[in-house]
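Can you build the whole structure from these sequences, using the hints too?
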Amino acid sequence: MPRIAYAFPDEVLEHVFSFIHSDQDRNAISLVCKSWYEIERWCRRSIFVGNCYAVSPVMVVKRFPKLRSISLKGKPHFADFNLVPEDWGGYACPWIEAMASAYPWLEEIRLKRMVLTDESLELISKSFKNFQVLVLSSCEGFSTDGLAAIAANCRNLRELDLRESEVEDLSGHWLSQFPDSFTSLVSLNISCLGSEVSTCALERLLAGCPNLQSLRLNRAVPLEKLVNLLGRSPNLVELGTGAYTSEMQPDVFSDLSRAFVGCKQLKSLSGFWDAMPYYLPAVYPISSRLTSLNLSYATTESPYLVKLVSECRNLQRLWVMDYIEDSGLEALAVSCKDLRELRVFPSDPFGLEPNVALTERGLVSVSEGCPELQSVLYFCRQMSNAALVTIARNRPNMTRFRLCIIEPRKPDYLTLQPLDAGFGAIVEHCKNLRRLSLSGLLTDRVFEYIGSYGKKLEMLSVAFAGDSDLGLHYVLSGCDNLRKLEVRDCPFGDKALLANAAKLETMRSLWMSSCNVSFGACKLLGQKMPRLNVEVIIDERGPPDSMPESCLVEKLYIYRTVAGPRMDMPGFVWRYTGP
Amino acid sequence: MSPPVLTAQEEGQSNHSTITSSRSEDRISQNVTALKERNYLGLSDCSSVDSSTVPSDSDEKRNNLNLKATELRLGLPGSQSPERDDSSTKLDEKPLFPLLPTKDGICLLSQKTVITGNKRGFSDTIDGFPEGKFPGTSGVNVLLSPRSARAQPTTTKEMPTKVLQERPCATNGTGHNKTDASIGGSAPASKAQVVGWPPIRSFRKNSLAVTSKNNEVDGKLSPAALFVKVSMDGAPYLRKVDLRSYNTYQDLSSALEKMFSCFTLGQCGSHGAPGREMLSESKLRDLLHGSEYVLTYEDKDGDWMLVGDVPWEMFIDTCKRLKIMKGSDAIGLAPRAMEKSKNRC
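Protein chains in written order, with the working numbering: chain A, 13 to 591; chain B, 31 to 375.
It is worth saying that the hints were derived from the structure and are not from the lab.
Please read these numbers as outputs of a predicted model, since none were measured by experiment.
Beta carbons are placed, not taken as given, at the ideal position from N, Cα and C, and that holds for glycine.
Any given hint could turn out to be false.
The calculated lysine to aspartate or glutamate pairs, modelled on DMTMM-like cross-linking and capped at a C-alpha distance of 25 angstroms, are [to be verified]:
(1) K350(B) to E98(A)
(2) K141(A) to E120(A)
(3) K138(A) to E98(A)
(4) K259(B) to E131(A)
(5) K496(A) to D99(A)
(6) K270(B) to D99(A)
(7) K259(B) to E176(A)
So these bits of chain B aren't anywhere near chain A, every CB distance computed over 12 angstroms [said to hold, decoys possible]:
(8) N277
(9) M344
(10) G357
Here are a few chain A residues that face chain B, going by a calculated C-beta distance under 10 angstroms [what the hints assert, rightly or not]:
(11) F93
(12) L95
(13) S177
(14) S473
(15) I549
(16) I550
(17) V585
Structure follows, in structure tokens:
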């Protein structure tokens, strides 16, 4: 044993390690030698499990006995778009139970795309004496009764964030369960709740919690009530309004404006459901303070959106509907030189014809005018290679680029060519690109570009693209840092998958639906790769064993795991189990 | 670039390039294709209809007639009804989810007032007595084709899954062409819409839906979503629907039909053509002779009721979950449904 390892007592090493927070660094430390592994695991306070089935709760508890914070993700990303059936899995319960007995001092739980019951919420509320942070992102399976338990029992709760979860809304009274003595709330996000929450309870809560910095209300909170609530939370940094609509009353307007001004730290606004043009200008007095604006639920006409946005000179993040149109994005490009993230959502995604004048030109303008732009999510109905090349050249600092051309397989509208060259330019110029979503007409060529240039790419989403297995092969063999690949409706099949089987162990997960992978290949993969779970979602044709090997699989989810086959597979998920 | 050396099974690969190459050609034909009947078990292959070309309007009749003999109809044998008074000359087909089972069991009655014969469709229940009025496109297409009944911009339309499952089964060239033509040819008014596309989260979709409803009903705010589980006898997994994204029983019915028809019309065969024909025949027999499906729901009291007897608003207030059951299982429900609604009135 080298002497150096004994040079420092464990406590010193532990102290040194305490300055290291990033998971990757911590993981690296634990690989240095056995003693470092041991020291590190005893002092790790926070872990992130990107796939709750990659490891078991028992294993986590065994390795890290002193955790204070845990983040878990469950269902595949495409579950957001209804591609994953109900009851597929992602249950938080076994984790909560394991943690309840192992970590009495657990402070933070963050779950994404998981199923959580009221019983689990109650268990959380009663098991962790110093519980502080609960973030449930796109979760489901629980009701406001569970929330009532959290409110009633978590005396030190700082953060309760229900973003986009599906909550069974039994009543708004759960909020009243916060005791009068409760003062610790810093962040509350109930924007996903459907029914009305008691405004009295809200006001009381706000009055008692002077440290509240982030408040996101739900749609049911009327605009008039917002004024009162703002008055009670002067330290707000982030506000999500309720429905931003009301009878046009000048005194409501001026009260609202005054209330905004009164929150001197206010930097981020969201909500704005059904935003009325009349009330948008109430924001103007604070517009220069705003760094983040989420107008993606504001179904307001372009001119009003543009006016507001043009006032927000320090905007870094803008989420907006395509009502803003090309002209609005041009104005944005002129006014908001610090813009880092832009998301444009479709107002009429299922309509056949464009309902707004939003095209590729808007995005090109922003790419030209906003030197800090790094992250883009853009829904539109037409795109050209020329535009994409321009965007790529303008913004080589792009790190996230997600383009959704609404009609599948739509070619370059100018040349009728595939968009291979355009996306190729994106991956070629944007050397730090970490996330990419493709759309439009694409051949295998685009994947060749991605494999060649996308060396930092971590997540790739593909739909209705490619010609053959080559496409998949390029990506799997070329993208060194690929962690998540999700593919739908592409002619990718067995050859590429099997040839790159080893790659799959270096990735978190692979989703393939409506592709050309056969049952035979799934069986083979399951057989040869014990550290992968190769899960086939069965359709009505029955379990794969009963089908010929050549029959195609409709939905396939492959992920690496050290926990073996999962115990909670529903009847419609099949996994290779033996010869 | 030479293809990499791969060790993989060769079976079943050759056909797929046909799919992909014909796709781009057919994409263009998709846009001009009129509504076509689709039998997505590929029965029209069996019935020797020329499926390799996109049928024009004048062919429609011929196709209808040819298909009629082999088409899958979820009705009891002999339960044909007089032709509907609409532009297409298709024979009447029952909607997938008639609200009540046959009143007289099996025997055929061609009643003048009730156009669908024995079974009442959703529109019957709602309108009372639909004299000569039927949603023009709910016919065989209701059963077989993945089209949308009418433009419903705020509801999520679900393109099969059925269409996609067609792919594995259609191995020959005509099958492919037919499939691809059908993907686009499913609806006159809308292009084929796909599950989960464009990729928008449910939360956002619901918000849009509520917004558009709010624009109709001034100032009234309704809760964002009302998800209920929908299960179906024999389907491997259940689905969820948001009742608030529909305005009428008809909307709900169409959406559920699309969601679940891939299950009702059962097993797609494997790649082997002979096996496929046999499967289709027996399936066909089963469907003709036995199962009709009804849509039922569990209300707040925990009772299972037939969908359609109460006004829509009342229905979405009380419905906790939906179930598509075989008609034979649902017979006992009819009287109770009547009683309950009488008590409510």
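Against the structure, the hints come out as follows:
1. K350(B) to E98(A): Satisfied, since the Cα-Cα distance of roughly 16 angstroms is no more than 25 angstroms.
2. K141(A) to E120(A): holds (11 angstroms)
3. K138(A) to E98(A): violated (29 angstroms)
4. K259(B) to E131(A): holds (21 angstroms)
5. K496(A) to D99(A): Holds, at roughly 22 angstroms.
6. K270(B) to D99(A): The hint holds at about 11 angstroms.
7. K259(B) to E176(A): holds (19 angstroms)
8. N277: Its Cβ never comes within 12 angstroms of chain A, the nearest being 15 angstroms, so this holds.
9. M344: The claim stands: M344(B) keeps its Cβ more than 12 angstroms from every Cβ of chain A (closest is about 19 angstroms).
10. G357: Holds: least Cβ distance 19 angstroms, greater than 12 angstroms.
11. F93: Nearest chain B Cβ about 3 angstroms off; hint holds.
12. L95: Given a least distance of 5 angstroms, the restraint on L95(A) holds.
13. S177: Holds, about 9 angstroms.
14. S473: Result: holds, 8 angstroms to nearest chain B Cβ.
15. I549: Since chain B brings a Cβ to about 8 angstroms from I549(A), closer than 10 angstroms, the hint holds.
16. I550: holds (5 angstroms)
17. V585: holds (9 angstroms)
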